[in-house]
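Given chain G's structure and the hints, the job is docking chain D onto it.
In case you want the letters, here they are:
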Amino acid sequence: QKEVEQNSGPLSVPEGAIASLNCTYSDRGSQSFFWYRQYSGKSPELIMFIYSNGDKEDGRFTAQLNKASQYVSLLIRDSQPSDSATYLCAVRSSSASKIIFGSGTRLSIRP
Amino acid sequence: DGGITQSPKYLFRKEGQNVTLSCEQNLNHDAMYWYRQDPGQGLRLIYYSQIVNDFQKGDIAEGYSVSREKKESFPLTVTSAQKNPTAFYLCASSVTVIGNQPQHFGDGTRLSIL
Chain G
1 QKEVEQNSGP LSVPEGAIAS LNCTYSDRGS QSFFWYRQYS GKSPELIMFI
51 YSNGDKEDGR FTAQLNKASQ YVSLLIRDSQ PSDSATYLCA VRSSSASKII
101 FGSGTRLSIR P
Chain D
112 DGGITQSPKY LFRKEGQNVT LSCEQNLNHD AMYWYRQDPG QGLRLIYYSQ
162 IVNDFQKGDI AEGYSVSREK KESFPLTVTS AQKNPTAFYL CASSVTVIGN
212 QPQHFGDGTR LSIL
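In order, the protein sequences belong to chains G and D. Under the working numbering, the first residue of the first sequence is numbered 1, with each subsequent residue one higher. Under the working numbering, the first residue of the second sequence is numbered 112, with each subsequent residue one higher.
The following block holds chain G by itself, in its conformation from the complex:
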């Protein structure tokens, strides 16, 4: 079992709809969870982080964390073509010295 798992996609969503990206992790003691956006050929850019169970909203982005189910998700409301990118889920392990990255979900917003 991979430490951080994401569906590789591509996930195709119509413009203006809600895109839902999911991530599961295996280390039950994980404390910090991050979402990065990576455009093709570019480096990852931090867009959200969440530490506590529940929802955290920032503009069109909402991160949701459920530690009991070991599940973290990212919702993107009013999806725009500029949201088309690969989204990387990252989890800080309970040993705290490493962040483990998932392989990413490719999101495509169709006009």
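Be careful, since some hints might not be right.
[As the list claims (entries may be wrong)] Across the chosen pairs, the derived CB separations fall in these ranges: (1) D/G151 with G/A68: 27 to 33 Å; (2) D/L122 with G/S20: 36 to 42 Å; (3) G/G59 with D/N211: 19 to 25 Å; (4) G/S20 with D/N211: 42 to 48 Å.
Honestly, the hints are just simulated from the structure, not real lab data. A virtual CB, placed ideally from N, CA and C, is assigned to each residue, including glycine.
For chain D alone, kept in the frame of chain G given last:
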């Protein structure tokens, strides 16, 4: 402007050659990291450093070496022992290694074999 600067943007390595990738940050972060990303893959940790003059191996350290003589700088050398070096190399930093601090990335160096 605070940030992480990686150079060069593109690098070509000949057979048997060692090459060094530069990473400099002016964010006053203690922790720095090197990752490798292959096409369609996630990030794999090569080395990380919590503090000056200290560094730890990550998951794929074989064929690579690093130094941390200054807080701002964490160069990565890809040695001739690394037989498949073609990849996108990313340097990152965070305030500290522990705690809830996120990592921030430089723009990356793309390394290819000639």
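Non-conforming hints, listed in increasing numerical order: 4
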